[in-house]
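> So you can see what is in the structure, the chains are spelled out below.
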Amino acid sequence: DGGITQSPKYLFRKEGQNVTLSCEQNLNHDAMYWYRQDPGQGLRLIYYSQIVNDFQKGDIAEGYSVSREKKESFPLTVTSAQKNPTAFYLCASSPPGGARHGSNQPQHFGDGTRLSIL
Amino acid sequence: AQKVTQAQTEISVVEKEDVTLDCVYETRDTTYYLFWYKQPPSGELVFLIRRNSFDEQNEISGRYSWNFQKSTSSFNFTITASQVVDSAVYFCALIRMDSNYQLIWGAGTKLIIKP
Chain A
104 DGGITQSPKY LFRKEGQNVT LSCEQNLNHD AMYWYRQDPG QGLRLIYYSQ
154 IVNDFQKGDI AEGYSVSREK KESFPLTVTS AQKNPTAFYL CASSPPGGAR
204 HGSNQPQHFG DGTRLSIL
Chain B
15 AQKVTQAQTE ISVVEKEDVT LDCVYETRDT TYYLFWYKQP PSGELVFLIR
65 RNSFDEQNEI SGRYSWNFQK STSSFNFTIT ASQVVDSAVY FCALIRMDSN
115 YQLIWGAGTK LIIKP
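Chains as they are written, first to last, in our numbering: chain A, 104 to 221; chain B, 15 to 129.
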């Protein structure tokens, strides 16, 4: 079945450590997104990518980095510069539609990764 | 400014009651898109509906219905004859047409259906 796979489901980070969250999709979607969700809040966009080898910062990109070397994959690295990394991280993808550099189509989400500090 | 407000932080009803989740949005765009998503306890977000600003018809899908009113900038979601499986957090979202179509999310409404 087509879908988005995020791994791991739970992740623990030590002080000063970088950690990478995996996101893979087999939906053949061009656009991919990373969101952060804190308790009682909506989703906040970290980074997004409309096409391979291109990505843009979202609203809270500081302390995070991404790459988009393959259409199927959009890994997110939480660097040591991110001082408050504890959150639920969601990856999403969407098909093209509506604009050259964006999509008005629904986003499809993975199951999320819960990151905590040790 | 573009904004989505879900004023109801948490709603609790008894099974089989009807419940309405409110969503109020602000936008200067004349063309825009609104979405509703469901987030069950497992965590993944499930797409429920997309509505564009030109289509003001209300929509019904089984026990779910949506009331889109441009005059009041609202896109409310009603569940009829609620069931325990409807318990989840529900998010309303608006596309930012001036920023590569990124989504602005409401804070979500936690819906608890008691048996």
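Worth double-checking, as some hints may not be accurate.
[To be verified] Now the stretches of chain A that chain B is said to cover, found in silico as 3 or more residues with beta-carbon under 8 Å:
| hint | segment |
| --- | --- |
| 1 | 140 to 149 |
| 2 | 165 to 174 |
[Stated by the list, open to error] A partial selection of chain B residues facing chain A, derived with a Cβ cut-off under 7 Å:
| hint | residue |
| --- | --- |
| 3 | T44 |
| 4 | Y46 |
| 5 | R65 |
| 6 | F68 |
| 7 | Y78 |
| 8 | W80 |
| 9 | I109 |
| 10 | A121 |
| 11 | G122 |
Everything labelled a hint here was simulated from the structure, so no lab data went into it.
Every value quoted in this text rests on a predicted model; they were computed, and no experiment measured them.
Positions of the beta carbon are idealized from the N, C-alpha and C atoms, including for glycine.
> So, for every hint listed, does it hold in this structure?
Consistency of the hints with the structure:
1. For the segment 140 to 149 of chain A, the proposed coverage by chain B is satisfied: 6 residues have a C-beta within less than 8 Å of a C-beta in that chain, meeting the threshold of three.
2. Note: the segment 165 to 174 of chain A has 0 residues with beta-carbon separation from chain B under 8 Å; the three-residue rule is not met and the coverage is violated.
3. Taking 7 Å as the C-beta contact cut-off toward chain A, the hint placing B:T44 at the interface is violated, the least distance being around 14 Å.
4. For the restraint placing B:Y46 at the interface with chain A, the shortest Cβ-Cβ distance is roughly 9 Å, beyond the 7 Å limit, so the hint is violated.
5. Contact between B:R65 and chain A, as hinted, is not supported at the beta carbon level, the nearest pair being about 11 Å apart and thus beyond 7 Å.
6. The beta carbon of B:F68 comes no nearer than 12 Å to any beta carbon in chain A, farther than 7 Å, and the hint placing it at the interface is violated.
7. The restraint placing B:Y78 at the interface with chain A is violated, with a minimum CB-CB distance near 15 Å, outside the 7 Å limit.
8. Of the supplied interface hints, the one on B:W80 is violated, with its beta-carbon coming no nearer than about 14 Å to a beta-carbon of chain A, more than 7 Å.
9. Taking 7 Å as the C-beta contact cut-off toward chain A, the hint placing B:I109 at the interface holds, the least distance being around 6 Å.
10. A distance limit of 7 Å between C-beta atoms decides the matter here; for B:A121 the minimum to chain A is near 5 Å, and the interface restraint holds.
11. The criterion of a C-beta within 7 Å of any C-beta in chain A is met by B:G122, whose closest approach is roughly 6 Å, and the hint holds.
Checked against the numbered hints listed earlier, the structure breaks hints 2, 3, 4, 5, 6, 7 and 8; every other hint is satisfied.
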